[in-house]
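Chemist: Now for the letters of each chain:
8 protein chains.
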Amino acid sequence: MTKVKLDEIDHQILDMLIDNTRTPFTDIAKKLLISAGTVHVRVKKMEESGIIKGSSLTLDYVKLGYSFIAYVGIFLEKTHQTKFVLERLSQIPYVTVAHITTGKFNIFCKIRARDTTHAKNIIFKIDDIDGISRTETMISLEESINDKKRLMHTIFNEL
Amino acid sequence: MTKVKLDEIDHQILDMLIDNTRTPFTDIAKKLLISAGTVHVRVKKMEESGIIKGSSLTLDYVKLGYSFIAYVGIFLEKTHQTKFVLERLSQIPYVTVAHITTGKFNIFCKIRARDTTHAKNIIFKIDDIDGISRTETMISLEESINDKKRLMHTIFNEL
Amino acid sequence: MTKVKLDEIDHQILDMLIDNTRTPFTDIAKKLLISAGTVHVRVKKMEESGIIKGSSLTLDYVKLGYSFIAYVGIFLEKTHQTKFVLERLSQIPYVTVAHITTGKFNIFCKIRARDTTHAKNIIFKIDDIDGISRTETMISLEESINDKKRLMHTIFNEL
Amino acid sequence: MTKVKLDEIDHQILDMLIDNTRTPFTDIAKKLLISAGTVHVRVKKMEESGIIKGSSLTLDYVKLGYSFIAYVGIFLEKTHQTKFVLERLSQIPYVTVAHITTGKFNIFCKIRARDTTHAKNIIFKIDDIDGISRTETMISLEESINDKKRLMHTIFNEL
Amino acid sequence: MTKVKLDEIDHQILDMLIDNTRTPFTDIAKKLLISAGTVHVRVKKMEESGIIKGSSLTLDYVKLGYSFIAYVGIFLEKTHQTKFVLERLSQIPYVTVAHITTGKFNIFCKIRARDTTHAKNIIFKIDDIDGISRTETMISLEESINDKKRLMHTIFNEL
Amino acid sequence: MTKVKLDEIDHQILDMLIDNTRTPFTDIAKKLLISAGTVHVRVKKMEESGIIKGSSLTLDYVKLGYSFIAYVGIFLEKTHQTKFVLERLSQIPYVTVAHITTGKFNIFCKIRARDTTHAKNIIFKIDDIDGISRTETMISLEESINDKKRLMHTIFNEL
Amino acid sequence: MTKVKLDEIDHQILDMLIDNTRTPFTDIAKKLLISAGTVHVRVKKMEESGIIKGSSLTLDYVKLGYSFIAYVGIFLEKTHQTKFVLERLSQIPYVTVAHITTGKFNIFCKIRARDTTHAKNIIFKIDDIDGISRTETMISLEESINDKKRLMHTIFNEL
Amino acid sequence: MTKVKLDEIDHQILDMLIDNTRTPFTDIAKKLLISAGTVHVRVKKMEESGIIKGSSLTLDYVKLGYSFIAYVGIFLEKTHQTKFVLERLSQIPYVTVAHITTGKFNIFCKIRARDTTHAKNIIFKIDDIDGISRTETMISLEESINDKKRLMHTIFNEL
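Protein chains in written order, with this note's numbering: chain A, 174 to 332; chain B, 174 to 332; chain C, 174 to 332; chain D, 174 to 332; chain E, 174 to 332; chain F, 174 to 332; chain G, 174 to 332; chain H, 174 to 332.
Just so you know, these hints were derived from the structure itself, not from any lab. Ideal Cβ placement from N, Cα and C applies to all residues, glycine included. Treat each hint with caution, since some may be false.
Reference excerpt, derived from the structure (chain E facing chain D, CB under 7 Å, subset only) [what the hints assert, rightly or not]:
1. Thr252
2. Gln254
3. Lys277
Take the sequences, apply the hints, and build the full model.
Modeler: Structural data, given as structure tokens:
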């Protein structure tokens with residue numbers, strides 16, 4: 174887990190791309206008083222070193238009919254099934270996040286569904302994975318914060 | 174919560190942008206046998222209707238020195254403080270997600286930190302917000318799945 | 174709590190009214206080979222003694238847009254507030270059932286709502302009643318049984 | 174789950190039947206200044222569309238010797254047994270309500286019994302259903318609210 | 174469970190025996206201005222009807238070297254094992270009380286032991302009974318009240 | 174906590190009195206081939222040393238109309254209130270046992286009541302004692318073992 | 174468990190060795206105005222009686238790269254596996270402490286690890302021991318007190 | 174938290190001192206084929222760098238009359254009181270370990286006491302510290318593993 178060394182210019186490039194990944198490199202170049210080629214080279218370098226793993230759209234799930242979010246805590250029968258269960262979970266697209274956790278759950282995951290009935294079906298699909306003994310569900314009544322940009326800016330200001 | 178109507182072309186545009194938000198519109202246009210202008214118009218329309226809320230980089234937090242993830246369940250003294258507490262939480266950049274939830278917690282949030290000591294400081298900062306009576310923390314030992322792209326593709330194939 | 178004595182005829186009358194409260198007394202009379210007046214007198218007597226407290230329609234809440242059911246467990250600050258809190262709960266029409274209970278909750282109630290957002294508002298209204306320190310919510314994914322008729326028939330067959 | 178469209182007259186008819194299902198149609202007709210035939214047609218229509226699923230008596234269970242109410246939370250061995258367990262539960266008439274729920278229980282149900290000993294027998298019968306691993310019981314000390322009429326009136330005033 | 178009818182004289186006899194079961198019948202007779210034979214007849218009658226099940230010494234367990242008290246909650250694998258488990262428990266003399274309970278435990282019992290090590294051995298013996306899946310122990314730091322006499326006097330004053 | 178030394182004769186005397194405290198001393202004397210005076214002297218000595226604290230009747234509470242048993246776990250606001258709360262508990266005759274305990278409760282007590290409603294009133298009385306923040310109740314469905322005699326015999330055989 | 178009798182000189186010798194086990198016996202002798210031979214004899218006696226079981230270095234684990242401490246609560250399938258499980262635990266050097274406990278866990282242990290990933294591997298190794306059904310982990314954010322010397326001094330001052 | 178670099182010789186010196194801190198430096202020197210002066214210099218260096226923080230006796234607490242071990246979980250009213258509470262805990266010598274923890278407790282500590290009554294007094298003293306709202310105690314029935322030497326040897330073999 175060697176940390177990659179980034180310089181001040183890299184930080185400023187990332188800082189701009191975080192807010193809008195489609196910002197043209199020429200705009201970035203102009204702001205930082207460097208050439209667009211330099212921007213290109215540095216972004217490439219950060220992609221190759223793995224710091225930038227990609228980019229993704231931020232969609233409005235409610236508008237797309239997916240307004241139901243729940244957290245599902247999973248109890249396994251035996252932890253040596255962890256890997257197997259995670260593979261099966263990754264085949265259910267409605268499971269967007271999954272963690273191996275300390276505390277009472279072995280695995281803790283987040284699901285997005287259309288509504289209560291859809292959520293029930295997803296939870297049942299999870300419950301039926303071999304090796305899972307029981308699940309507990311906590312339903313989101315409102316997604317109040319979902320924003321990694323504040324963190325990213327903080328990271329680049331800290332460095 | 175009126176769902177926006179998207180047609181087949183919109184779905185295919187989104188499907189391509191999900192994987193790489195920087196895909197040039199000319200590439201998308203070529204694949205879908207439409208003009209780049211049409212792509213531009215449709216993306217603009219989806220941005221204006223709020224379906225596309227933006228784009229963000231997917232960074233490797235471990236490489237940036239942020240390898241510690243925890244979920245923090247919050248018990249409030251009284252729920253009429255919910256709004257106030259959420260505002261204070263949104264001032265802590267390490268809190269990347271927060272939900273109002275059913276079950277034993279009033280608010281449930283996710284934090285990213287550099288290490289145990291950093292996490293302790295963040296949790297202490299949360300604990301000191303007025304109106305919070307107690308918190309419970311669950312630490313991630315491994316982030317096994319974190320991928321909304323599978324969900325997005327599923328949504329567009331379903332529609 | 175003196176139990177009312179009912180005879181065999183009373184049981185049979187109740188048994189028929191349970192399934193359809195609108196069954197004409199003349200139909201009941203014909204089946205039991207008694208006069209409609211007798212049916213009338215006996216039903217009146219059972220109403221006066223308080224055995225029959227009334228009748229109600231069984232509506233399809235899902236068709237009426239109320240598909241969300243949750244159970245809310247309430248922790249009070251002090252139990253001498255129980256009566257006061259129950260009065261306030263009875264002013265929220267979405268609270269259809271409430272019990273003083275043993276176990277971890279002081280009061281346990283059932284709510285019906287239109288959807289997640291509506292449920293959140295109802296729960297917040299409950300949380301804001303003076304004397305309530307905290308609530309825990311359990312959401313119904315499916316109402317699989319809701320039928321007192323089987324019990325009623327059993328009671329009348331037992332007697 | 175298409176919602177049925179009801180007009181103002183329908184609401185007023187339901188509003189009257191909710192309080193007393195035996196209200197003669199002629200009384201309803203007189204109050205609403207329409208013909209009894211119209212009332213009949215509209216009630217029929219609401220029955221056929223499934224909005225009105227039937228009617229039931231409200232009996233005084235305490236007077237009938239059934240003063241003991243408990244909620245029983247059920248843990249299943251595996252959730253694919255849910256359907257089977259619900260079928261078995263529906264054969265126990267003392268189980269008047271059962272829900273598939275989120276949270277720590279898989280199924281949550283309500284029972285009515287004569288007394289502690291009777292309740293013990295019912296709980297033992299539930300515990301012995303194949304697929305149930307454990308149950309937890311919460312006993313009602315007082316049924317303080319049990320009234321769906323307030324909700325129904327609210328629904329019809331809202332619409 | 175027909176309650177036995179006791180008159181005022183019975184109550185007064187019981188009231189005296191509760192405090193000291195060895196009170197001579199002649200002393201009781203003198204106080205109540207009845208004959209010793211009457212006392213004898215009435216005590217006999219109360220023994221035969223089962224109201225008086227016997228008498229026991231109140232010993233000082235601490236002085237006898239038994240200063241350790243614990244409550245043990247038992248989870249069964251299946252409740253149809255309840256009877257069998259209770260029989261096995263009744264063969265362990267250190268288990269002085271056992272109840273079938275509602276709530277999280279199936280059986281709840283009280284043990285008296287000499288010290289921590291002795292308690293461990295008793296708990297292990299309980300844990301090894303077939304049909305018991307798990308136990309939870311709560312240790313008494315001080316037995317502050319253990320007195321049924323106040324209750325008995327209250328009962329006889331109430332009657 | 175100096176243990177009192179008892180010899181073999183003492184054990185045998187206690188062993189007989191345990192089963193029936195009214196056994197005449199002459200009967201005990203005959204069985205043990207000693208004089209009644211010796212029995213008297215030794216019992217007196219055991220009373221004075223505090224080993225025998227008294228004797229009590231074993232009554233059938235169900236026959237006396239007290240069929241309801243519950244365990245109540247008490248959470249205090251602050252443990253320095255323990256003494257005060259125990260004094261108040263000892264004024265409620267339906268509280269027959271109370272312990273200061275480890276684990277989640279501060280005080281754990283046992284109550285006997287006539288029925289559910291009576292139990293509710295007792296629990297409410299407990300809840301209203303100053304310094305008690307919350308209680309949790311576990312109801313007995315059946316008192317399966319309540320017998321200290323087996324323990325006493327074991328103790329005297331062990332010594 | 175016969176307590177060993179130590180006199181005032183023994184206490185003072187122990188009191189000095191507690192703070193620094195390498196204190197030369199001649200220094201101790203000088204302070205206590207006895208001969209070094211006497212110190213030697215008495216330390217030997219305390220080693221032979223088992224009071225002194227040995228000595229150990231106090232190392233700075235953080236400086237050695239072991240900054241992660243967690244407590245792991247273990248649930249066994251059956252308690253007769255306790256001994257076997259403890260033997261297997263004692264083969265994992267990262268488990269520095271293990272107790273058989275009352276309360277919800279059967280065994281409770283403490284682990285030291287290099288970091289989150291290392292801790293995960295240790296917990297997985299524990300989870301895979303036969304007879305363990307589940308574990309719950311509580312992570313230390315800061316080791317604030319770890320000092321048996323205060324206790325030792327207190328013990329010797331008390332004696 | 175810069176890790177100190179130790180070489181192979183340092184490891185071997187530590188490895189010997191771990192088992193017996195009183196091992197004469199001349200013995201260590203002979204085994205490692207170096208001079209006693211070198212051993213002295215290296216130990217001094219490790220003390221100055223803080224790797225060796227001291228040494229302590231391993232006493233048999235049971236033989237010293239301290240056979241009672243418990244873990245106490247502490248809930249604070251507010252976490253900003255953490256520091257203050259830890260200071261107060263450090264004044265109670267029976268508290269030998271204390272951690273700030275994740276999970277349900279804010280602080281988790283270990284106590285050693287003479288017996289149940291002594292433990293009760295210590296727990297009461299903890300409960301009365303300002304800022305502590307509640308504690309939960311888990312009692313050790315047997316200390317099965319307490320050995321940091323295996324860990325230390327592992328660390329030095331790993332390095």
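Chemist: Each of the hints needs a verdict: does it hold here or not?
Modeler: Against the structure, the hints:
At its closest, the beta carbon of Thr252/E sits 4 Å from a beta carbon of chain D; the interface hint therefore holds under the 7 Å criterion. Using the Cβ-Cβ criterion of 7 Å, the hint placing Gln254/E at the interface with chain D is not satisfied: the shortest such distance is roughly 10 Å. For Lys277/E, the suggested interface contact is upheld, since its CB lies about 6 Å from the closest CB of chain D, less than 7 Å.
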